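Chains A and B, in that order, give the protein sequences.
Quick note on numbering: this note's numbering labels position 76 of the first sequence as 76, and the sequence is numbered without any gaps.
Quick note on numbering: this note's numbering labels position 246 of the second sequence as 246, and the sequence is numbered without any gaps.
Quick caveat, the hints were computed from the structure, so don't treat them as lab data.
Just so you know, these numbers come straight off a predicted model, no measurement behind them.
Among these hints, one or two may not hold up.
Which copy? The list can't say, so a pair holds if one copy fits it or any two copies do.
[Claimed, not checked] Below are the DSSO-like pairs computed for lysine-lysine, each with C-alpha atoms no more than 30 Å apart in a straight line: (1) K42 with K351; (2) K99 with K236; (3) K42 with K110; (4) K236 with K31; (5) K349 with K185; (6) K236 with K110.
Each chain, written out:
Protein chains: 2
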Amino acid sequence: MRFSGDPTVFGNLPLDATCEEAVVESLHNRKYNGYCPSVGIKEARQAVADYVSTPTSQVEAEDVILTSGCSHGLEMLISCLADPGQNILLPRPGFSLYKTIAVSLGIRVKFYDLLPERSWEIDLQQLESLIDDSTAAIVVCNPSNPCGSVFSEEHMRDILTTVARHSLPLIADEIYEHFVFSGFKYHSFASLSEDVPILASGGLTKRFLIPGWRMGWIVVNDRHDALSEVRIGLQKLSTRILGPNTLVQGALPRILRDTPDSFYRQTIDYIEENAQEFYRTFRELPGLHPVMPQGAMYMMVGIDMDSYPEFHSDVDFTERLVTEESVFCLPATCFEYPNFFRVVLTVPKEKVTEACQRMRNFCEHHFQPTTVRNGNGCA
Amino acid sequence: MRFSGDPTVFGNLPLDATCEEAVVESLHNRKYNGYCPSVGIKEARQAVADYVSTPTSQVEAEDVILTSGCSHGLEMLISCLADPGQNILLPRPGFSLYKTIAVSLGIRVKFYDLLPERSWEIDLQQLESLIDDSTAAIVVCNPSNPCGSVFSEEHMRDILTTVARHSLPLIADEIYEHFVFSGFKYHSFASLSEDVPILASGGLTKRFLIPGWRMGWIVVNDRHDALSEVRIGLQKLSTRILGPNTLVQGALPRILRDTPDSFYRQTIDYIEENAQEFYRTFRELPGLHPVMPQGAMYMMVGIDMDSYPEFHSDVDFTERLVTEESVFCLPATCFEYPNFFRVVLTVPKEKVTEACQRMRNFCEHHFQPTTVRNGNGCA
Ligand SMILES: Cc1ncc(COP(=O)(O)O)c(C=O)c1O
Ligand SMILES: Cc1ncc(COP(=O)(O)O)c(C=O)c1O
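Taking the hints into account, I'd like the entire structure generated from these sequences.
What follows is the structure, encoded as C-alpha cells:
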C-alpha cells in the first residue's frame with residue numbers, strides 16, 4: 001500500500017470525460033501540432049485568466065504564462081525572483097521542491113513555521129523575524145501539501161499585511177486551489193490584496209486529476225508595476241524549454257470551461273470521507289496526534305516519540321510500518337518537520353479501512369505508555 | 001511569407017495518422033494520466049532505445065531520459081556537463097540555443113568554424129586549437145540547423161578521433177536524425193565510436209513534424225563508465241520539471257514503431273525538391289552564393305556584401321527583403337555567421353515559386369556590380 005502524492009495510481013479517481021474529449025478535439029483540430037509562443041497560446045492563456053480572475057483580482061491573457069506543470073512554474077518563479085546569495089522564506093512543514101530548486105540555484109532558504117495547534121497557520125511573528133535585506137520573496141502554499149490546511153480569509157489578510165510591510169513579492173503555490181472540504185472556503189491570495197505583488201502558480205495536476213499531462217501556469221498579479229522586470233525575466237526563461245504540450249494547451253479552454261462542478265465535488269467528497277475515517281482511527285490510536293485537514297489531499301499525524309521508544313525518528317517509524325504492515329507513508333522529515341508522518345487521502349475506500357486496521361496493529365504492538373516505561377512512577 | 005523553423009505553420013506538412021491514433025489510444029488507455037518517473041516511463045524509454053540502437057551502438061531503456069523537447073534535453077546536458085567558468089565548444093554557424101543556455105548558466109562558449117566550401121565540415125584543426133583545460137564538452141549538430149549539411153562517415157570518424165585525443169564528451173544534437181536527402185546517408189555519432197562518451201539528444205519534433213508535442217530524449221552512450229556521474233546528474237535534473245507529457249509518452253512506442261517509411265520519405269522528398277528550386281534560383285541571382293543542403297530543413301545563402309552596398313549587413317539585407325518583398329528569412333548573424341541568410345525549406349510549393357520570384361526582384365533591384373561601382377576597372 002503505497003500512499004503517494006499521485007491521485008491517479010489506484011484508478012479510483014479517474015479524470016473527467018471533458019478532459020479526454022477536449023484533447024481528442026484539440027488533436028483532430030490539427031492546429032496544435034506546431035511550436036507556439038513559449039509563454040503559451042493566446043486562447044489558452046485567456047482561458048486561465050478567466051478561470052482565476054475574481055471580482056477583486058482581474059487578470060488578462062498577458063498576465064498568464066503556461067508551464068510544464070506547477071513544478072516548472074515554481075522553478076521559473078524562484079529563479080526569476082531571487083539571485084544567488086539572496087534568500088527566500090519557505091513554509092515548514094512544506095513541499096520539498098521549493099528548497100530543491102532554490103539550493104540548486106545557489107539561493108539560500110529560511111523556514112518559517114506552520115503551527116499544528118492553530119490548524120497550520122503561519123507563525124507570523126517568527127516569519128517576520130526571518131526577513132532581512134537579502135530576502136527576495138516569500139513562498140506560501142494554500143491549500144497545503146503536506147498539511148491539508150486551508151487558510152481562513154482573516155489569516156490570509158494578516159499574512160498579506162505582514163508581507164506588505166516589507167514590500168516583498170509573494171509566490172503563492174495554489175496548485176490545490178478550490179480543493180477544500182465542506183464548510184471551508186477557498187480564497188486566492190491575489191483576491192485579497194491590492195498592494196502585494198503576487199505570483200501565483202497553479203495547474204491541472206490536482207483538481208483535474210491529470211498530473212502526467214504537465215499543464216501548469218503562472219499568474220502575474222502585478223501591483224504598482226512592481227513586477228515589470230519579473231515579467232520580462234519570466235518571458236525569457238519560458239523560451240528555454242518552449243512551454244507545455246500544445247495538444248493540452250488547445251484543450252485547456254474547454255477543460256476549464258466545461259468540467260462540471262459535480263466532478264470537482266465528487267473528488268473532494270471522496271477525499272473528505274477518507275480524511276474522516278483516518279482521523280477517527282488515528283485519534284484513538286495511542287501516541288498518535290492527527291491534525292484534521294480542511295482540504296487538499298493530505299493529513300499530518302504527530303507521533304509521540306516518547307511512546308514509541310523503539311524508533312529513533314519518524315523515518316524509523318514509517319520504515320518499520322512499511323516493513324511490518326506494508327503501509328507506506330512519508331515521514332514528515334521529508335517536509336522538514338520531524339516526528340510527524342503524512343497520510344495521503346486519495347486511496348480507495350477499502351484500502352483506507354485496511355490501512356486503518358494495520359496501523360492499529362502496528363501502534364498497539366509498539367506503543368509503550370511512558371509511565372510504565374519509566375517505571376518509577378514519576379512520569 | 002514568414003519562413004520559420006516550424007514545419008507545421010503552413011499546413012502543407014501534416015503529421016502522420018499514426019501519431020494521432022497513438023495519442024487517442026494512449027488517452028483511452030487511461031494509464032497515462034498520472035505522474036511517471038521523471039526520466040520517463042519504461043516502455044517509452046525502451047522504445048527510444050530500440051529506435052536509436054544500431055549494431056555498433058546498442059542502448060537500453062536505462063540509457064534513455066525523456067525530455068520536454070530536444071531543447072530541454074540540451075539544457076540538461078549542458079548544465080550537467082559543464083560547470084560555471086568552464087567552456088564548451090559550439091559550431092559556427094550554429095543553433096543559437098546552445099549559447100543562450102550556456103551563458104545563462106555562467107558557462108563560457110568558444111566557436112569552432114564550419115566551412116561552407118567543404119559542405120560545412122568542421123575545421124578540425126581550429127577546433128582542436130580551441131580546446132583547453134577548462135573545456136568541458138563539444139557540441140555537434142548533424143544534420144545541421146542552419147546549414148542543412150550532413151556529415152560524411154569519414155568526416156565523422158575524423159571528428160571522433162580528434163575528440164578522443166582530448167578525452168572529452170560529445171553532445172550530439174541529432175534532432176534532425178535520418179533527415180537526409182537522396183544519395184546521403186545518416187550516421188549517428190554513437191554508431192561510429194567505441195571510445196568517445198556521447199550524449200545524443202533527439203526527439204519527435206522534426207522528423208515527425210510535431211514540435212508542439214514537446215517530446216525529446218537524451219541517449220547516454222557511455223564508454224568505459226566515463227559517464228556514471230553524468231547519469232546521476234541527469235537523473236537529478238530530470239526531477240525538476242518531471243518529464244514530458246505522459247499521453248505522448250504512452251503513444252511513443254507506437255509512433256516510433258508504426259510510422260510508415262513512406263511518411264518520412266514523402267516529407268524529405270518534398271523538402272529536397274524545394275531545396276533544388278531555391279538553389280537553382282539563388283545560383284543565378286547576382287551576388288548570392290547558396291550552399292546546396294544535404295538534409296534537415298534549411299539552406300544557407302552567402303551574400304556578396306560588396307555587391308549590395310546599400311546594406312550594412314545580412315541583418316539589413318533581410319530586413320529590407322521583408323519590408324519590400326514580404327519575404328522573411330533569418331539573417332545568419334543569428335547563428336553567429338554574418339553575411340549569410342538562412343532559407344527554410346518546408347514551405348508550400350507555390351510559396352517557393354513566389355518567394356523565388358520576389359527574391360529575384362529584390363536582388364536585381366539592389367545588386368550593383370562591383371566593377372561598375374568601383375568605376376576604375378580594376379576590380
Ligand atoms: C504543493 C505542491 N506544489 C506543486 C506541486 C507540483 O505540481 P505539478 O505536478 O503540476 O508540477 C505539487 C505536487 O505534488 C505540490 O504538492
Ligand atoms: C538544431 C536544433 N536543435 C534543437 C532544436 C529544438 O528542438 P525541440 O523543439 O524538440 O526542443 C531545434 C529546433 O529548431 C534545432 O534546430
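The hints, checked one at a time:
1. K42 with K351: Close across copies (27 Å), not inside one copy (43 Å); limit 30 Å.
2. K99 with K236: both (23 Å within a copy, 14 Å between copies)
3. K42 with K110: neither (37 Å within a copy, 37 Å between copies)
4. K236 with K31: within (25 Å within a copy, 34 Å between copies)
5. K349 with K185: within (25 Å within a copy, 58 Å between copies)
6. K236 with K110: This pair counts as both: shortest intra-copy Cα distance 27 Å, inter-copy 23 Å.
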